[in-house]
Every structure is written in C-alpha cells, then in structure tokens.
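Given next are the chains, with one letter for each unit.
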Amino acid sequence: MKYARLVWAGLWRKKARTLLTMVSVAVAFLLFGLLHGIGRGLNNVIDHLNGKRLFTASRYAPLEGIPLAHRDRIARVPGVTGVAPWVYGGAYYRDRRNALGVFATDPATLFRLYHEFKIAPEQLQAMQRTRAGALITKELAAQYKWKVGDAVPIGTSLWPAKDGRTTYTFEVVGIYDRGRTPLNAFLINYDYLDEERWAGTGTAHYYVVGIDDPRRADAVSRAIDAQFANSPHETRTQTEQAYLASSLKQIADVDLIVKSIVGAVFFTLLLLTGTIMMQSVRDRVAELAVLKAVGFTDGKVAAFVVAEALVLCLVSAGAGLALARLVFARFAGMIGVVNMPPSVIATGIAVAVALAAISGLLPAARARRIVVAEALARR
Amino acid sequence: MTEAVRVEKVVKTYVRGRQPVDVLHGLDLQVAEGAFAALMGPSGSGKTTLLNLIAGLDRPTSGNITVGGARIDAMSSRALAAWRARHVGFVFQAYHLMPVLTAERNVELPLLLTNATAGERKRKVAAALELVGLHDRARHKPRELSGGQQQRVSIARAIVADPPLLVCDEPTGDLDRESADGILGLLQLLNREYGKTLLMVTHDPQAAEYATYQVRLDKGRLVTAHGAMAVA
Chain P
0 MKYARLVWAG LWRKKARTLL TMVSVAVAFL LFGLLHGIGR GLNNVIDHLN
50 GKRLFTASRY APLEGIPLAH RDRIARVPGV TGVAPWVYGG AYYRDRRNAL
100 GVFATDPATL FRLYHEFKIA PEQLQAMQRT RAGALITKEL AAQYKWKVGD
150 AVPIGTSLWP AKDGRTTYTF EVVGIYDRGR TPLNAFLINY DYLDEERWAG
200 TGTAHYYVVG IDDPRRADAV SRAIDAQFAN SPHETRTQTE QAYLASSLKQ
250 IADVDLIVKS IVGAVFFTLL LLTGTIMMQS VRDRVAELAV LKAVGFTDGK
300 VAAFVVAEAL VLCLVSAGAG LALARLVFAR FAGMIGVVNM PPSVIATGIA
350 VAVALAAISG LLPAARARRI VVAEALARR
Chain Z
0 MTEAVRVEKV VKTYVRGRQP VDVLHGLDLQ VAEGAFAALM GPSGSGKTTL
50 LNLIAGLDRP TSGNITVGGA RIDAMSSRAL AAWRARHVGF VFQAYHLMPV
100 LTAERNVELP LLLTNATAGE RKRKVAAALE LVGLHDRARH KPRELSGGQQ
150 QRVSIARAIV ADPPLLVCDE PTGDLDRESA DGILGLLQLL NREYGKTLLM
200 VTHDPQAAEY ATYQVRLDKG RLVTAHGAMA VA
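Respectively, the protein sequence lines represent chains P and Z. At position 84 of the first sequence the residue is numbered 83 (numbering that gives the first Met the number 0), and the sequence of numbers has no breaks. At position 66 of the second sequence the residue is numbered 65 (numbering that gives the first Met the number 0), and the sequence of numbers has no breaks.
Everything labelled a hint here was simulated from the structure, so no lab data went into it.
Keeping only pairs whose Cα atoms sit at most 35 Å apart, straight-line, the calculated DSBU-like set for lysine-lysine is:
| id | chain 1 | residue 1 | chain 2 | residue 2 |
| --- | --- | --- | --- | --- |
| 1 | Z | Lys140 | P | Lys299 |
| 2 | P | Lys1 | Z | Lys140 |
| 3 | P | Lys14 | Z | Lys140 |
This one's a predicted model, so the numbers in the text were calculated from it and none came from an experiment.
Here chain Z stands alone, though its shape is the one from the complex (with noise of 0.2 Å):
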C-alpha cells in the first residue's frame, strides 16, 4: 500500500520564556494513502503538534516529514505554502470561516490560488457544497449557519481543490452529538467514496470510532497504535 505520511525521528520543541519544552519526542509515524486516522491522545501529548508538523503549518526542530512523497521539512515557506494549496484541506475546530464573506465564497478561497476561471470555481464551489449538502445555503454568511451547517462550509472549503490529504484538528469539538456524527460521517464518506487520506485530531472515543486507525500519543511520544489500517 502507498504510504501518504511518513514521519522520521520528529522532534519538536518550544521555547516558553526562556524554558526549553519538549512536545515530540523523536516520534515515528507512517499513514497509508486513503487511510483514515484518528489521533487521540491526552491534552499536551502532541496531537495537535503533529498534525500542524504534517500539514505544513509549523516545521520539526529535527527529524525528516514526508507527505505524498514531499520532504516538507525542507521546503521554504513560500514553497510550503504553494505546498498545502495543491495537497492539504483543512478542518478547524472553530471553522474559521470568514464572517464577511458568503459561504460560497468561504468555499472558493482555495480555489482563488489556483489558475481556475471564474466559471469553473463557481462550478466546483456548487459541487464543494453539494457535496456537504449545503447547496441551498450558498449564500448564507456564517452567522446565519448553525455550527453543523459552519462545519460542512469548511468541510467544503477542504475539498474544494482537490487535495489527497485532509487534516481535521478536532472537527466535531464544539458540536452537539447529532451534529457531531453527521460531520464525521461525512468525513467518512470523504475517505471510503472519494478516496481521501484524512488525519483527525479528536478527543472523543466515539469520533475516532469512524477512523479506520487510531494512533494514540502520550507525552510528546506514540504509544499505541491499532486498527485495520495497512502500515507500511
């Protein structure tokens, strides 16, 4: 099976005042192309870390991050930001989505770095949405969205372009149940229809349950690891 994440020997350190803190600690990690992992982990064993490291949002203090064959950790930030354009969607926790701009709009952002005529990113901002089964509320602006309908918008956003890799650092955390199950099922229909490699932070066992493999950190280190995922 292809491997879509590889994580070598990743060290991750901040300085808090004048104090050296260690997040990751040398940590190992390889995810399959069209997995779908959840990482779980107490608050402050790295989590979130890793996820930022692997999207290209931060950068390790040493070791070697390779995504969809691309030393990132190498790369400089004008070509990581090209980087994450081409190859990485994002889901926040608080959406994020810009609360001036409509939600076709919000969806569109992504799509305005890319060569698209304004045509054709109306046409995959209609599908983005439709997709997320928001196409009536194209244009809603966030305020007029439930939180539900906000993540779906920024779930659409993710897709918009097209990138083999999602990152969704705990994308059901400020969602009720209902809400929460039809987000992540929704991810789930991302991964097994469209093939997309996702990789989620959550707390929540019941979120993780829809992952198909559950990485779990513990003091800046992974500890278990578990489901049926292919490893390389």
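The following block holds chain P by itself, in its conformation from the complex (with noise of 0.2 Å):
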C-alpha cells in the first residue's frame, strides 16, 4: 500500500499522454461492454424464454407468410395448446427512421401463450373489443410518452391499405409488462390489418404456437409440419429459443462480429498501451535509476511499471465497462436486454488485467534492466 502513491505518481509523469491512453482504453472497454453485452444479453435473453412455445414458419420463403388456414390444422394437433398469428408490420412512428416494432397478432391468444406479459385484464378486453387498438410495453410507452387513449399514427413500408394510404391510426388501449421477452411490441389486431390491408390477405409470416410439455416440443414439431408436408405451403417448426436463435444468425453472427471487433480494437490497444508504456519508461530512465540507486530491486522497479500498467488499465476498464453499463439500458432496451450480464463485466475486468500484464512486460523488462550507473551516466 505504501507504493501506491508512487505507481500512481509515476503515471501521471506526463498528464496529458496518461489522459489520452486512459481514455483510449475506457473507450475500447464501453464498445466492449456494449457489444458483448448485447451478445451475451441476447443470449440469455434466448436462454430464459419459455419452452412451452413453439414457432411455425414457411419453410422455404420465411417472408412470404403461410396461410391462415394453417392456424386451425395447426390447432387441431395434439399437445398444442394455441395459435396466434404474427404479422411483421415493417412499421415507422412519423418518419421512417423511427422504426417500430409493430405485429399484428390475435392478443387474446398471444397472452394466454406468453405468461411472461402481465396486462390488466380490462385492457385485454378493451383490445378485443376496439378493432383498431394497440398494446404496448411499458418502454414504448416511456420512450414516446404514450398513454392509454392516445392516438397514434404508424406508417407502414409493407402493407398499404385497400384505399392507398400508408398510415394507419391506432388507439393505445392498453400497456403491459413484458417480462424478461425481447420483444418490445407494438401490438395490433391480425383481423383489423387484414382487413385494411392491400396485399397478404389471409397470410402470417409465422404462428405461435403453444404446447402443453416442453419435452414434446420436437414431437409436436415434427407433427406440425407432418401435416403440411409436400403443400405449396410446407413449414418448419421449432422453439422460440431455436427460432430466435437462427433468425439473429441470417441477420448476423453477432458473437462472430463482436469478437472480430472486439479482438480487432484490443489487439490495436495492445500496441498501443505497450508503446506509451515503453515510452513512458524510456522518459523515466534516470528517475528509474535514482530508485534503484537508494535501494529498490530491480524486480521491485519493473513491478512498479507493470503496477502502472495494470492501473491504467483497470481505472479505465471500470470507466468504460461503467459506462457502457450507463448506456447499456438505452440501447439494449429495444431488443429486451434490461441489464448488462454481470459476466461481461467480470469478463472485462479479465481482459484489462490480461492486456495490462501483456503490455507492460517488454517495459518492465526494460526498466528491469536499468543498469544505475550507465543511466545517471547518460544525464
């Protein structure tokens, strides 16, 4: 403890390169944060979801829908206990860079699948009974400001009305809980958007579908789509976990992109914290060697540079990573991840130990080898 005025002395010898490398870093820490953060939050996101859900989509065109004739012959399946349709709204609130995740569904069904969203009963019904109606979650209502009896115009790029427009006006009726679900939906009656709707009458893009015992899932799966096979319309049934699982993977490896950029950025931190680190000690060669001169080890000496390293790294480690924990509830909001994973930031703290460790030695070597007398020779 007694040397910790002097390791934190030594790092401040020039401020602003100390400032900028520790800024730097936090900076490195925060996209890690976020990144992985995003990753590992999805994945646990995916990993709590309900067993008792299995999703039946197209098999061959995802995008195209499945008639909503399935949903009965789906029904009458056994172990299945629900079917809700789903309809992607490719939907916008007043400009087309405010996307919004809004579904078209039957919501009575929906809830009774996802025991996880909690609603006041009276709003579900309002939802029944107002063709044009609108569930929301608490974090759209909180994002937009949006209460019970609000009017709210979404316009939509997919589905256009029989009369031309592209805005359709819904009623907020009722604002539920989610839950620990990624889905933060604007919800909207299937039969009202079908029967407004120019094109895909008569389509969802998948169902919901409830089953009674998670340990059926594939038997009832493989039973579903039994039924559909060799039809203009065959499908591909799996759990929600499986579904959500491929469905981020065509839209991207995150786990591959995250660590690319993760890897890529703290590979170039390395470098760099090495390099001011090696510098640092070449601008301290004499200071070094007044220490070793009163008496300090040369392995005391090169301890104190990695000291340096190591507090450099973790002060800014934890700004970044507290940062990012700061931010982590704005961005990942949106796609239900409420709180950074406690193992992305243990992770983190993992890193900057490691990147303090590797960026110090060449230093610590160097100041090891600090001969006194060639040193103060030199001055």
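Assembly of the complex is requested from the two constituent chains, each provided in isolation within its own frame, with the hints serving as guidance.
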C-alpha cells in the first residue's frame, strides 16, 4: 500500500499522454461492454424463454407468409394449446428512421401463450373490443410518452391499405409488462390489419404455437410440419429459442462480429498501451535508476511498471464498463436486454488485467535492465 | 581510526564498441570513518567510476571493495540493493528528484524500503527537511523550487534513512556560487556534526576546500592524496 502513491504518481508523469491513453482504453471497454453485453444479453434472453412455445413459419419463404387456414390445422395437432398469428408491420412512427416493432396478432391468444406478459384484464378486453386498438410495452410508453387513449399514427412500408394510404392510426388501449422477453412490441389486431391491407390478406409470417409439454416440443414440431408436407406451403416448426437464435444468425452472426471487432480493438489497444508504457519507461530512465540507487531492487522497479500498467488499464476499463452499463439500458432495451450481464463486467476486468500484463511486460523488462551507473551517466 | 572504505587493486574496464577501455588501473584507496573526502581530477580520470564502485552502483572488473566492513564487490545485485538502502545516501549533480512527487514524498522514498510506519516516516521526513532548511517547502514539487533548494531536498533524501556513507557526484556542478556554498556548508555540517562519511566528486577547487581530505586521480590512477584525514 505504501507504494501506491509512487505508482499513481508515476502514471501521471505526462498527464496529457496518460489521460489520452485512459480515454482510448475506456472507449475500447465501452465498446466491449456494449457489444459483449448485447451478445450475451441476447443469449440470456433466449435461454430464459419459455420452452412451451413453438414458432411455425414457411419452410422455404419465411417472408412470404403462410395461409391463415394453417392456424386451425395446427391447433388440432395433439399437444397444442393455442395458436396466434404473427405479422411483421414493417412500421415506423412519424419518420421512417423511427422504426417500430409493430406486430399484428391475436392478442387474447398471445397473452395466454406468453405468461411473462402482464396486463390488466380490462385492457386486454378493451383490445378485443377496439379493432384499431394497440397494446404497447411499458418501455415504448416511456420512450414516446404514450398513454392509454392516445391516437398514434403508424406508417408502414409493407402493408399499404386498400385505399392507398400507408399510415394507420391506432388507439392505445393498454400498456403491458413484457417481463424478460425480447419483444418490445406494439401489438395490433391481426383481424383489423388483414381487413385493411391491400396485399397479403389471409396470411401470417408465422404462428406462435403453445404446447402443453416442453419435453414433447420435437414431436409436436414434427407433427405440425408433417401436416403440410408436400403442400405449396410447407412449414418449419422450431422452439422459440431455436427460432430466435437462427433468426439472429440470419441477420448477423452477433458472436462473430463482436469477437472480430473487440479482437481488433484490443489488439490495437495492446500495441498502443505497450508503446506508451515503453515510452514512459524511456522518459523515466533516470528516475527509475535513482529508485534503484536508493535501494529498490530490479524486480521491485519492474513491478512498479507492471503496476502502473495495471492501474491504467483497470481504472480506464472500469470507467468504460461503468459508462457501458449506464448507456446499456437505453440501447439494449430495444431488444429486451435490460441489464448488462455481470459476466461481461467480470470478463472485462479479466481482459483489462491481461492487457496490462501483456502491455507492461516489455517495458517492465526494460526497467529491470536499467543499469544505474550508465543511466545516470547519460544525464 | 576505523576504516569506512577500502579499495584494493581495483580494475574497471568498459567495453566501448568492441574496444576494451581501462578506466581504473589497480587502484588502492582507504577512507577513514567520518572523513570528508573530495575526489578530484580531470574528466575521464575515473572519479565517478570510483564513486559508483564504492557506492555499490557498479562492480569492479577485478579487485576488492570493502565498505563498512562488507565486501560489496561479492554481493548479488539483490543484496547490493538492500545494502545501498541501509548504508549509502546519494546526492547527484542533476538532483534526480521525482518531478511528480512533492519534496516530502521525494525525501520519503528511501524510507519506503524500511519497516517504518507511516507516522515514523512522516516524522523522519520532517526532521530531514528541517535539517536542510526546507521544512516550509515540504509540499512543493521540484519545479517549484530553485536549483539550490532541489539539491537540499536531494540531500534530505540522502540522509533520511540515516546511512553512514554519503556519496555526492558534483553536488554543486549546476549551482551558482552562493547556492553552492550553502550546499557545501550543509555537507560539512553533516560530516562534522552528524559523523557522516562523505565522498564527493568535484571539479571545483573551492568545493574541495570544504573537504578534510583530497584525492586526485588521473587516467585511472591515484596520483596524490593530502589533507587532514587519518588514513589507515
């Protein structure tokens, strides 16, 4: 502890350089926290999804949709407890840049299948009574300051109405708590959209299927798909976890992207901090030599350099991760990840320690090799 | 009189490029405990090399060096570091203070290697700064002090752990006459009142006058030694 002040002071020998290095490291860890957090958060969300739900989509053209007639046939498969259609809205609020997760479904059935969703029963009943009604998450209500009774204009790039308009106005009739699900959804009535839209009538992008026993998920999936084998609309049924995981993979391999970006950033950071630490030792050869002259051993002086790297990396990483944690909810809330998983913080700290150890190694070796008489003779 | 330093047949050879360069040629020297010895001579005569060897900062190519009864030429580098911490205080021409530390933190450095508690360290640092006349500048950083004041801080750092031997390499080389006299007076005080053995390398004959014993080197050999010091 008595050496802490010496280590800290050594770090601030060149204030601007240290500060800029710290900012670089902090930004890298901010990026690390956000990317890793989102990746792991998504995995956590998927892992915690209820195993009693299957998703049935078109086997070959998932975006084209499957006929509504499938719904009743799926519902008759043994083990199925409910079926709700699901249609992507391709929607936005006011401006195309404000993309919004608007989905058309059968809310009554959907809320039965999603036990995680919490809503006042009277609001769900209001949704059944109001054709152009909408149920929104607490997060959307907070983000757009919407409340029950508000009329919300929603634009769509997918479903122009029969009269040619591309904007629908919905009345918010309820606000629900989505629990730990990733669905930050603006839910509308399937029947209403289907009546109004110009194309795609009588189809759904997929069906959310409830089952009575998660252990029979494979058997029920096979039974559903067998119903439509060799038909123009063959289906592919998966568990909700598998469906979301494969959907994410289709958009992007989040893990690979995260690892690639973070790997490149940290490799650059390693070179940066290593160079800066080495420069710092070069600048202080005489000072380190004096430490050795007054009795500090070679090992102790080398340890100071590693400790400086450690403090630099840990303080900066801590700041970056703390910042990531702060902004995380805002970014990650959209995909249902509320808190940064603690494992991200732990991994971040481990990475910071490794970064310090590796980047401090050569400078520490250089400090260890300083020969006092030679170092002081040069000054 | 007890012997503080004994240098026997010391040879020091450096290799510059591929060329070996002999700096000290079988040099013998004894310095009594409590002496204030000035090492003089032209540039390249080997004064600083000899000082570094006696202070345990460098090792002889051959020969023996005994300081305070300990054969330091035979010590491992770890043992030598520990020995320096207990037995030698250093005063350099360029002061070599840590620019980011205050005067008191600079002075405290050698005490960090001891078992002294924070309170004890604080007390000793205050006493050392008091002795060099800088108790009111304890919280100042080196850049806020004059050259003479920085050298006083460096002397306080050298004496704070109470080593018996002080080695000073051109301690007044960067100072004006008035500041130099102040520093030399302080070194003389440490020698006379506190019994420190002092070895001082200097080019300055006026500085050498403060010493009780003058040793002149030329081309790595001791050429003359005179003054009021008993030599064993």
